[in-house]
Amino acid sequence: MTPAVRAAVSRLGMAAWLLAVWLLLWGRAGAQILIGGVVIVAIVYLVTRLPAVPTLKRVRPPALALAGLEFAWDLLVSSVVIGRHALHRPRQVRGAIIEVSARTRSELIVLAVTASISLRPGTLLVDLDWERHLLRIHAMPVRSQDEADSTRDGVLGTERRLMRALVTSEDALEEDESTGEDR
Amino acid sequence: MRAADAVTAVLLLAGSGFCAVGALGMLRFPDLLTRLHAATKPQTIGLLLVLAGVAPQAGPVTAVTPLALVAVFQLITAPVTAQAIAGAAYRAGVIDPATLTLDESGRGSGAGP
Numbered sequence: 000m001t002p003a004v005r006a007a008v009s010r011l012g013m014a015a016w017l018l019a020v021w022l023l024l025w026g027r028a029g030a031q032i033l034i035g036g037v038v039i040v041a042i043v044y045l046v047t048r049l050p051a052v053p054t055l056k057r058v059r060p061p062a063l064a065l066a067g068l069e070f071a072w073d074l075l076v077s078s079v080v081i082g083r084h085a086l087h088r089p090r091q092v093r094g095a096i097i098e099v100s101a102r103t104r105s106e107l108i109v110l111a112v113t114a115s116i117s118l119r120p121g122t123l124l125v126d127l128d129w130e131r132h133l134l135r136i137h138a139m140p141v142r143s144q145d146e147a148d149s150t151r152d153g154v155l156g157t158e159r160r161l162m163r164a165l166v167t168s169e170d171a172l173e174e175d176e177s178t179g180e181d182r
Numbered sequence: 000m001r002a003a004d005a006v007t008a009v010l011l012l013a014g015s016g017f018c019a020v021g022a023l024g025m026l027r028f029p030d031l032l033t034r035l036h037a038a039t040k041p042q043t044i045g046l047l048l049v050l051a052g053v054a055p056q057a058g059p060v061t062a063v064t065p066l067a068l069v070a071v072f073q074l075i076t077a078p079v080t081a082q083a084i085a086g087a088a089y090r091a092g093v094i095d096p097a098t099l100t101l102d103e104s105g106r107g108s109g110a111g112p
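Line by line, the protein sequences give chains C and W.
157 is the number that numbering that gives the first Met the number 0 gives to position 158 of the first sequence; each next residue is one higher, with no gaps.
89 is the number that numbering that gives the first Met the number 0 gives to position 90 of the second sequence; each next residue is one higher, with no gaps.
Derived from the structure by calculation, the hints contain no laboratory data.
Computed from a predicted model, the values in this text were never measured in an experiment.
Please note that a few of the clues may not be correct.
With a Cα cut of at most 25 Å, we get these calculated SDA-like pairs of lysine to any residue [as the list claims (entries may be wrong)]:
1) C/Lys56 <-> C/Pro89
2) C/Lys56 <-> C/Trp25
3) C/Lys56 <-> C/Leu75
4) C/Lys56 <-> W/Val69
5) C/Lys56 <-> C/Leu110
6) C/Lys56 <-> W/Val71
For reference, chain C alone in the conformation it holds in the complex (with noise of 0.2 Å):
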């Protein structure tokens, strides 16, 4: 694919999307609601010129779902560990600001493991350092260095999930440069 079609097929999603939404709203899909929408997807289009967003290479369906389990899993797990510190000396709880050097050179990558980190109690991104791929993160319930270490382990190992469910061109190239070796 050449930039060109990228964008244009990036760009499509995002509309195809936008009607997606429209149709939602509506709840019921006829004629006249499906026009109005792609008349309506059409203005946007024309005012904003809907931002390209990257596009992927590959998608695996297994990963992308296991990868979707455990964000649920981890999401009721840690939220429940965060009730338990709210109804419990909550005054006492201390947390951490730790650093992860992300592996993924791929933009997307990065806005799905940050949204992921955030959204889960526990872990809140506080910072990006994308010049030296850095990601700063504040986690919380953290009392001593090997609490911050399993933190990070955490945050690595669902961008590793997340890094195999979604193939980007980026990280497919970073792939193929370094020979697979971790870094």
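Dock chain W against the given chain C, drawing on the hints supplied.
Relative to chain C, chain W alone:
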């Protein structure tokens, strides 16, 4: 309808429980970042559970789809808000070092660069 009612009852109660805990955490945690954890996340899962609880009662599929939209937009927007506030606090250097066991960036507690 009994099974659907039972599912709704359980999910609604669990969802409101998470929301209540989130509010409690926001009240009781010591500083901005920990409060942000409590404010944005148990609340998110609480909302998802409430929506899932409402869905069996909503009747036709067309009445359920807006609930799905609410869930999707909550999942998209909640992290953005949380990151914006946390990032602002970090860069402004207003994070209280007393609440951190460790700060690998060595910056969050200072007055900024």
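Checklist line | Numbered hints the structure breaks, given as an ascending list | finding: 1, 2, 3, 4
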